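Asks: Chain by chain, the residues run as shown.
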Amino acid sequence: MTKENAQAYWGENLRIIITYMAIWFVVSFGCGVLFVDALDQIQFFGFPLGFWFAQQGSIFVFVALIWAYVSSMNKLDEKYDVHE
Amino acid sequence: MSLDALTFLFVGGSFALYIGIAIWARAGSTKEFYVAGGGVPPVANGMATAADWMSAASFISLAGIVSFIGRDASAYLMGWTGGYVLLAMLLAPYLRKFGKFTVPDFIGDRYYSNTARTIAVICTIIISFTYVAGQMRGVGIVFSRYLHVDINTGVIIGMAIVFFYAVLGGMKGITYTQVAQYCVLILAFMVPAIFLSVQVTGHFLPQTALGATLESGQSVLATLDALSVELGFAQYTAGSKTTVDLFFMTAALMCGTAGLPHVIVRFFTVPRVKDARISAGWALIFIAILYTSVPGVAGFGRVNLIQTVNGTAETAASGVANTGVKYEDIPEWFARWENTGLIKWEDKNNDGVVFYSKTDANELTVNRDIMVLANPEIAQLPAWVIALVAAGAVAAALSTAAGLLLVISTSISHDLMKKTINPNITDKQELLYARGAAVVAILVAGYFGVNPPGFVAQVVALAFGLAACSVFPAILMGIFSKRMNTQGAVAGMVVGIVSTMAYIVYFKFMGGTKDEMWFGISPEGFGTVGMILNFVVAKVVSSMTAEPPAEIQQIVEDIRIPRGAGAAQSH
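Respectively, the protein sequence lines represent chains A and B. Sequential numbering of the first sequence, starting at 1, is according to my numbering. Sequential numbering of the second sequence, starting at 1, is according to my numbering.
Note that these hints are calculated values from the structure, not bench results. Please read these numbers as outputs of a predicted model, since none were measured by experiment. Quick reminder that beta carbons are idealized off the backbone N, C-alpha and C, glycines included. Hints may contain errors.
[Claimed, not checked] Pairs of lysine-lysine, DSS-like flavour, derived with a Cα cap of 30 Å:
| hint | chain 1 | residue 1 | chain 2 | residue 2 |
| --- | --- | --- | --- | --- |
| 1 | A | LYS3 | B | LYS274 |
| 2 | A | LYS75 | B | LYS274 |
| 3 | A | LYS79 | B | LYS482 |
[To be verified] One side only, chain A facing chain B, incomplete, derived with CB under 10 Å:
| hint | residue |
| --- | --- |
| 4 | TRP10 |
| 5 | TRP24 |
| 6 | PHE45 |
| 7 | PHE47 |
| 8 | GLY50 |
| 9 | TYR80 |
So that you can see chain B by itself, here it is in the shape it has in the complex (with noise of 0.2 Å):
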């Protein structure tokens, strides 16, 4: 069968299985609209929280990121990862414990105040929408290059069957659907990822292959080490970022990942409070299973790249390794890639051959996207691989843009209509503007896909650093200062976003170069600076205002003990 051919049966497969579930998962009511109904098994819900987490950034774009800048992209790692510990041990028990729907309804609730409430729907709306651009223009790059669709159309075909199972099945819906989608990506990244291993090292584990000795008797790293330096290149296991820049970037992400409200609000579906530290558990193990092996591919695709272009002694132009192959030697996926814009060749000393490095000589431009979804193709695996990856991207974008439209329509609908505006609506009525709400939101997400803003790239660093700077410490205070109070939580909440608001415009968009950077942190470590001023503001200002009534000091002392956590109550 042609690889078209099988693209089509496993794209399309997939998406068969994707409406098969959400047809036998509708939802009847808000309750299993927003949180399943409360009844999600552990096991299931980590799967949920996994697929829910992992978006085409972690299928599609984080090897590439290792793979082109090495050791620095460790903050990546640790910190999408290590998020999860945060979460497991500082939120999802007692958030699950307070049993309600939404973080803006924690937020509301547990500062007595609409004004922290409308805060925490604002970051959630921002934070949401910001991601979700990404994910709608990764279906869109996939299917334009597997289905030979363009990108707008490809964009289409996503919305329309997250249309069907979000609006249809909520919660419910999403978190089986979530279930299979996450099967199907971490096939599609183990299957390809095992046999690059095995073909580059001989070893069945990505995750220990990046060590493991090749037939000149370095190992993989060292290889690629001695490749890079050769070339021009950064050593690929030195780190060209500063240890205090490394350090805030890896702290923003970490509690980034922690306040992202998309995940939190996984943790609301499971019926115990030892249920939601259970599936975080299971949520990082089938999370981990996918970032561990990231390195492996990063690291083979990285020698693969360089020995296809620049050839070994076997292949290059001139008999001498690394020193480039004919443009008309290299194998068929060059020009296939070429033709999506992914890779440029542009032949300086027009002698015919490609070479790439970090000199003037280079004439190669290589867009680090294309490290997973060109390495099978580079490697030579099967067509069928190919065609699995192609659905492995599809799921991990579709699975991710779900979770977050539902946030999106679930703050709209409930924590907007219902909390703020007009608390007398039925619970039909509330319903249908989550419904009617998740329709906008895939239409403006839709829009964002096929006109995509050029600064898709930058603002994640602004959903990260949003996420830190305020939804998580303003949760952490709530459950585990009693003392923390409106006046607190609110100045805190806008200390950090301002700050941190203030420094990505300003070095993101306004041209803010890297000397005027403090203490050299990065736009995307500042998150973590924004959440220590929300600490330290919101601590000052609540020591000097009148404690909470004494209703809410029992709630803190209530969601501290995990028995007596009900199925999630609307009010």
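One chain only, chain A, in its complex shape (with noise of 0.2 Å):
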């Protein structure tokens, strides 16, 4: 693998990541902590949404986060033809 190539790969990985980690912060620390008061004014299935996002819904984003990056990740080391 030229290093072009190699700097290349360590660049999109970093944007893959910084995306998700991105998402990974609105939904626990923006909807759970930083916003939590203004987005229990929603009801959402009988949940105040903050409350919902605080104690549920971040989990569930969590979940999703890991295995959307697990096949972003997957598909980006074929690109480069440095998967295993």
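Make the complex out of the two chains shown on their own, each in a separate frame, by following the hints.
Replies: Structure, rendered in structure tokens:
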């Protein structure tokens, strides 16, 4: 693998990580902590929405995020031919 | 069959299973002992990680905490799951590619320094011992309640079982036992959760039932809010912690989770880098099954408790709901848990009526841990469900204890003996040291189980804070910054540890008051501040000192590319 290729791979990897970490931050620290009171004004299947994000919703999103990351990385590894 | 007979059957049966697995999966080499030979399939590793991670605290205490502090407990729910996102994306794949046995291995090699290695070993040992003391105590409590032996006998039985499969099987034995333990514990948590959910709301899934509408036309949460306010408690869905405090606490628990050595080491056991990512995904699914049920269990438990003790229009002594039930009308479980001391009733006004509230009229003291353990009894579920909960609680405590003991013994035999003190010992001798260290660690853990230090609850803050302010940033910078050198990493870790420890010790042990806290950040959240200090100091110091040698920079380049992750190498 050439040096340029390795750098390009790492750059794309970082972009993927930053995208998913941004979502991670918004659902947990955003919806569950910083804006929880505002979201609580909205009812969501019997839950105040902020409370739901803080106690359940964020966890569902975390699971989805890891699997989305797995699939993005598998594609990226094949694209740069670094898969195992 | 009686409850006792059923409990013996369930707990005994699960023990027989664990021992059977241990004999089947004996470890013959250090590689098998440390990382199970590196050949664990990702789904199995996900289950083992989930069992490793979910301790007596998750199984017994978490629902209790949520039940009694409501929204403020969100920090635990988000923190203890969100850390896996950090692990999956920032640590696990790269550490797997690096391909060594332990966390101090990575820190010592990446920072080409035995000082860094030793700091990592000390952190690993403190974090793991802090944790393990609570587990052994948990085993003792469950045994004493369900098998009518005293707590100390319970601790010793637990020690003997862990001894058998951890010392004999090493990581290989532990991994497959943990897979079995996950199955036992998740069944034991979900069966009563589903029963409760159906009983209270008619809904099958505890995840959605908390928002379900009751006969009264209100949702469970709204009912709980109304009951809580009527009794003088804070509204269940409103928090009392400040936003700043909640933010720092959640961050410290997340980064602490990602930095726990016994969790990280599980990702060394899979064959490929890809599998490290996948198994983090499985681990979080398996963990989320329990964690997303916790708010439901907590909510139903709380409603049940209030209605049993304070009464509905039919059961209350005065005929008015929420005013108290006569002691003799309260179901049998109440007296059973009074015997263990986890419930205390003091008839202050001598009217023979039990009353529970936040005001001075309160006559009831309830230990939070009771929520999961007594829930099936409060809800009058069948005896086999209660027996299953006992087996599940023991599985949760033992699986975590075994994982921690392995990390302690590995730190001593591998990182201290082999890598620092005497590099010339053979594989066989190293294995002997590992087993010897495991024996000593079990004895020490058992000692803490029998003579629990009064500060077990307090030191949990210490374990997570320490992991967040030292191990997590050191590994993260080791992967993502090629420029980070020994001086920067060591200075960062020292500043992180000293500041976090000082804050926690001051507020937890030296009587620091709430008003003195910086920006209202509680000790549980200070690990985040320590971590930020670590990053800043490391960056500044490393930019003023020489860059790391070329071969170290090559290692960093190398761990960023998945291909070529061979089997874990010892050297």
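Asks: Which earlier hints can't be squared with this structure?
Replies: none
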